[in-house]
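Using the sequences plus the hints, can you model the full thing?
Residue numbers (this note's numbering), protein chains in the order written: chain B, -16 to 98; chain D, 19 to 129.
Derived from the structure by calculation, the hints contain no laboratory data. Positions of the beta carbon are idealized from the N, C-alpha and C atoms, including for glycine. All clues stand as given, with none of them false.
Have a look at the derived ranges for each label pair, beta carbon to beta carbon:
#, chain 1, residue 1, chain 2, residue 2, range
1, B, Ala55, D, Thr87, 41 to 49 Å
2, B, His68, D, Thr87, 40 to 48 Å
3, D, Gln78, B, Val(-14), 18 to 26 Å
4, D, Arg69, B, Ala55, 30 to 38 Å
5, B, Val(-14), D, Arg69, 21 to 29 Å
6, D, Lys128, B, Thr14, 39 to 47 Å
7, D, Lys60, B, Lys(-3), 21 to 29 Å
8, B, Lys3, D, Glu20, 28 to 36 Å
What the simulated footprint calls covered on chain B by chain D, stretch by stretch (three residues with Cβ under 8 Å from a Cβ of chain D suffice, anywhere in the stretch; the number is not a length):
#, segment
9, 27 to 35
10, 82 to 93
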Amino acid sequence: GAVVSQHPSWVICKSGTSVKIECRSLDFQATTMFWYRQFPKQSLMLMATSNEGSKATYEQGVEKDKFLINHASLTLSTLTVTSAHPEDSSFYICSARSPDGDTQYFGPGTRLTVL
Amino acid sequence: GENVEQHPSTLSVQEGDSAVIKCTYSDSASNYFPWYKQELGKRPQLIIDIRSNVGEKKDQRIAVTLNKTAKHFSLHITETQPEDSAVYFCAASTGGFKTIFGAGTRLFVKA
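Structural data, given as structure tokens:
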């Protein structure tokens, strides 16, 4: 149980285009999902907390107009990187909070490369 | 703000030896402490967790200890194997909301 999927697993795009990443909880409902960014050999940096049916909460320094988050259902949250630039290239990982409220289960991540 | 410090950043042990990773946290309201293992290019996987009402928890070769007074918690891996090689992250959470992760420890187990 507690499986989280993420799609796509990798994406290459041109500078200026937008990319959408999907995060799904497959066998449980997640009212809260989290989006992280991870640079090589570094820790997980929380970008935003996604709450079903309401606006996401962004961490300090994360541009909400650039990283659009939508949590339209209890099993799906999406992150859209708008007008992507090479510096947005990174490993993006989502997680879903378990029904017991404590544990986070992570998706497999999406490697974004912006040319 | 809240902070979790993790040491060491790199740890190299001989197969069969024990490995210990230590973390400290700053938010005294933290009550849930998970540990994740991340292999290269893969997702972090929960390996063990402990809540603030427990001082120690063990699962086969893995154990975690928590000292709430000192705001310290540690991961202990005994009889290490090459497949234990990975990056380990500690984390501290308050009520399952925001989780603060440590910087990670890269563990190498030499055969």
